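Visitor: Now for the letters of each chain:
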Amino acid sequence: MKLHFHFSVAGFSNTYILGPDEGGDAIIIDPGTLNVALLNIIESNNYYIKNVLLTHAHESHSSGLKTLRKIYDFTVYSGNKQVLDFKSAEVVDGESLDFSGIGVRAIGVQGHSLDSLVYITGSCMFTGDAFGAGVIGTTPNSYARELLITSIKTKILTLERNYLIFPGHGSPSTLEAERITNPALAEK
Amino acid sequence: MFEIEGCKHDGCLLTAVTGTGYCFYHLENPAEVTEGISRRLKENETIKNLNAEYIELSDMSIAGKNLYVSRFSHGVFNRVDFSGCSLRIVFFDFCVFRDCLFKNTDMKYSVFAGATLNGCDFSSSDTVHCNFNRVTAKGCSFNGSDLYFSTFAYSDISDTTFVDCNLKKVRFNNTKRIEVSFKYSNYEEAFFGESPRL
Ligand SMILES: [Zn+2]
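Line by line, the protein sequences are chains A and B.
My numbering applies: residue -13 is where the first sequence begins, and numbers increase by one.
My numbering applies: residue -6 is where the second sequence begins, and numbers increase by one.
Check each hint, because a few of them may be wrong.
Within a straight-line C-alpha distance of at most 20 Å, the following computed EDC-like cross-link-like pairs (lysine to aspartate or glutamate) qualify [what the hints assert, rightly or not]:
1) B:Lys96 to B:Glu28
2) B:Lys41 to A:Asp7
3) B:Lys41 to A:Glu146
4) B:Lys41 to B:Glu21
5) B:Lys35 to B:Glu(-2)
6) B:Lys35 to B:Glu21
7) B:Lys1 to A:Glu146
8) A:Lys(-12) to B:Asp152
9) A:Lys(-12) to B:Glu38
10) A:Lys(-12) to B:Glu(-2)
11) B:Lys176 to B:Asp152
The hints are simulated quantities; they were obtained by calculation from the structure and are not laboratory data.
A quick note: this is a predicted structure, and the numbers were derived from the prediction, not measured.
Please model the entire structure based on the sequences and the hints provided.
Guide: In C-alpha cells form, the structure reads like this:
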C-alpha cells in the first residue's frame, strides 16, 4: 500500500491517496481540487479512483469531485447522503468499511461541522479539520468547540496505540505528539 | 509503514523495527540491526517504508538519499549528514539530533514534533509543511530556507537563525525565543500571536 499527499493552494488543503503498490483501485481522501499535479500522481501510479472518502463536505475538501467524476466512476463516502451534486453513501460513527481488503474505520468527531469524520486505516489517521498539528478545527461557537474537544478526547485520545496523523490542512503529526503538544487537547 | 507492526514481546506497546518483529528494546541483537539499517541507508538511493523507532545513529552520511514514508521517532542522531536528501512523510518526532546537517534538503510533510535539535544546520532547504511543534532548538540555522506552512508552535528556540527565509503561513505562536534572528525574512506573513485553527 502506498500513501501520497497533494497540497492544493485553493483552500490550502491536503488531499491523500491510498493505493496498492502495483497500481489498481485507489482511495482518494478529500479531493479539494483536481489539478494536473494530482492527476499525475493518480495516473503515474496506475491508479483508478474507485472510492472517495470525505472527512466533511466543506468545499476545500470536496470541490475536486466535479472534475474527478469526468474521469472516474467512484462511490463517495461521507457523513451525508448528498455532497454537492453527488449521492454519497452515508457513513456513521463507528462504521467499518472495506475497500478491496483495505479496512477503514470511521469515527464521528463533530464540532468543526456536523458531518465531520476521522478515518482510520492501518497506522494512518485522516483527521480532516477535526484536529491537526498542534491545533483543532474552527468551530461556529463555544458549544461546538467543547463538543469537538470532548469528541477528540473521548473517541481519539482514548485509543491505546499511536497513529500517524494526516490532517486536512497543514503538516502531519502523530497521535503521541498531539497528546503532548496540542494545547487544546491538553486542556482539563 | 501503512500498517506498522507492533513489537511481538508480551505487553510491549512499541513498534517493531521493519523486518525484525521486535522493537529496539526487545531485539536480541540491536547493534546488528542498527548496522543493517545503517547499511541499507548508505547503500540505497531510495529508502521507503522503514520503521526504525528508537534507532541510534552516529557519524554517518546519507547525503542525497530519498527517504519516503519512514519513521525514526524517538531516535538519536549524532553528526548524521542528511544534506541534499529528499524527504517525504518522514517521522522524526521526539528524536534527538546533535550536530546534524540538513543543508539543501527537500523536505515535505515531515514531523519533528517534540524533538531536540542541537547545533543542526537546516539552511538553504525547502522545509515545507513540516511539523516542528514543541521542539527545543539550540544553535541551529534555517537560513535561506523556504519554510512555507511549517509550524514551530510552543517551541523553545535559542541561538537560532531564520535569516532570509520564506515564513509565509509559518506558525511561531507561543514560542520561547532567545537570540533568534528573522533578518531579511517575511516574518509579517508568519503567525506569532493567536494560533490559527483549521
Ligand atoms: Zn518491545
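Visitor: Could you run down the list of hints and mark each one as holding or not?
Guide: So, going through the hints one by one against the coordinates:
1. At most 20 Å may separate the alpha-carbon atoms for a hinted pair to count; B:Lys96 and B:Glu28 exceed this at roughly 25 Å.
2. Between B:Lys41 and A:Asp7 the CA atoms are separated by roughly 12 Å; this keeps the pair inside 20 Å, and the hint holds.
3. About 26 Å separates the Cα atoms of B:Lys41 and A:Glu146, which puts this hinted pair outside 20 Å; it is violated.
4. For a cut-off of 20 Å, the pair hint linking B:Lys41 to B:Glu21 is broken: about 24 Å separates their Cα positions.
5. The suggested pairing of B:Lys35 with B:Glu(-2) is violated, with an alpha-carbon distance near 24 Å, which exceeds 20 Å.
6. Restraint check for B:Lys35 and B:Glu21: not satisfied, since their Cα atoms lie roughly 23 Å apart, outside the 20 Å limit.
7. For the hint linking B:Lys1 to A:Glu146, the alpha-carbon distance of about 16 Å falls within 20 Å, and the restraint holds.
8. Note on A:Lys(-12) and B:Asp152: the hinted pairing is violated, with a Cα-Cα distance of about 39 Å set against a maximum of 20 Å.
9. Annotation: proposed proximity of A:Lys(-12) to B:Glu38 holds, straight-line Cα distance about 18 Å (limit 20 Å).
10. Straight-line distance between C-alpha atoms of A:Lys(-12) and B:Glu(-2) comes to about 16 Å, which keeps the hinted pair within the 20 Å bound.
11. At most 20 Å may separate the alpha-carbon atoms for a hinted pair to count; B:Lys176 and B:Asp152 meet this at roughly 14 Å.
In the structure shown, a violation is registered for the earlier hints numbered 1, 3, 4, 5, 6 and 8, in ascending order.
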